[in-house]
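Novice: From just these sequences and the hints, can you work out the full model?
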Amino acid sequence: MSACIYCCLLQLIASIIYPLRQTYQAYKLQEKLQIWVVYWILMSSIYLLEEISFGILFMIPGYSIFKTFYAIWLYHEKTQGALVVGTLLKPVFNKVKGIMAPFQEKLDVLEKVK
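Going by my numbering, the sequence shown opens with residue 1, and the numbers climb by one from there.
Simulated from the structure, these hints should not be mistaken for laboratory data. Warning: the hint list may mix true and false statements.
To be verified - Here are the simulated lysine-lysine pairs, BS3-like style, with alpha carbons at most 27 angstroms apart:
{"hint": "1", "residue 1": "Lys106", "residue 2": "Lys90"}
{"hint": "2", "residue 1": "Lys90", "residue 2": "Lys78"}
{"hint": "3", "residue 1": "Lys95", "residue 2": "Lys106"}
{"hint": "4", "residue 1": "Lys28", "residue 2": "Lys106"}
{"hint": "5", "residue 1": "Lys112", "residue 2": "Lys97"}
{"hint": "6", "residue 1": "Lys95", "residue 2": "Lys28"}
Specialist: What follows is the structure, encoded as structure tokens:
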């Protein structure tokens, strides 16, 4: 594998995956911020999918418009779509939490070293 692939992987982890994990941790602690935290979890997931797809999603006609309306639907106070989707995805988050548990212990050790 070339160095470029490692750089892309590092960028994905640093700019999307780690913030997504941290946001989920904050989600469990503060119910008041629930809609925004779920919004950022969902949008980070979309950005991650866009990065992994290497631009294929942008070739789909109307993708950008759909993504814009989806984002508005997620946070609009009348629809609160983030709460709907968050409720549906809660079992998935719990499963990911179980998978990430061994890595979480290592991250906690690294944070204590700081």
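Novice: If a hint holds in the structure, say so; if it doesn't, say that too.
Specialist: Each hint, compared with the structure:
1. Lys106 with Lys90: OK: Lys106 and Lys90 at ~24 angstroms, within 27 angstroms.
2. Lys90 with Lys78: Satisfied, since the Cα-Cα distance of roughly 22 angstroms is no more than 27 angstroms.
3. Lys95 with Lys106: 19 angstroms, holds
4. Lys28 with Lys106: Measuring from Cα to Cα gives roughly 20 angstroms; hence the hint holds.
5. Lys112 with Lys97: 21 angstroms, holds
6. Lys95 with Lys28: Given that 27 angstroms is the threshold and the Cα spacing comes to 15 angstroms, the pair holds.
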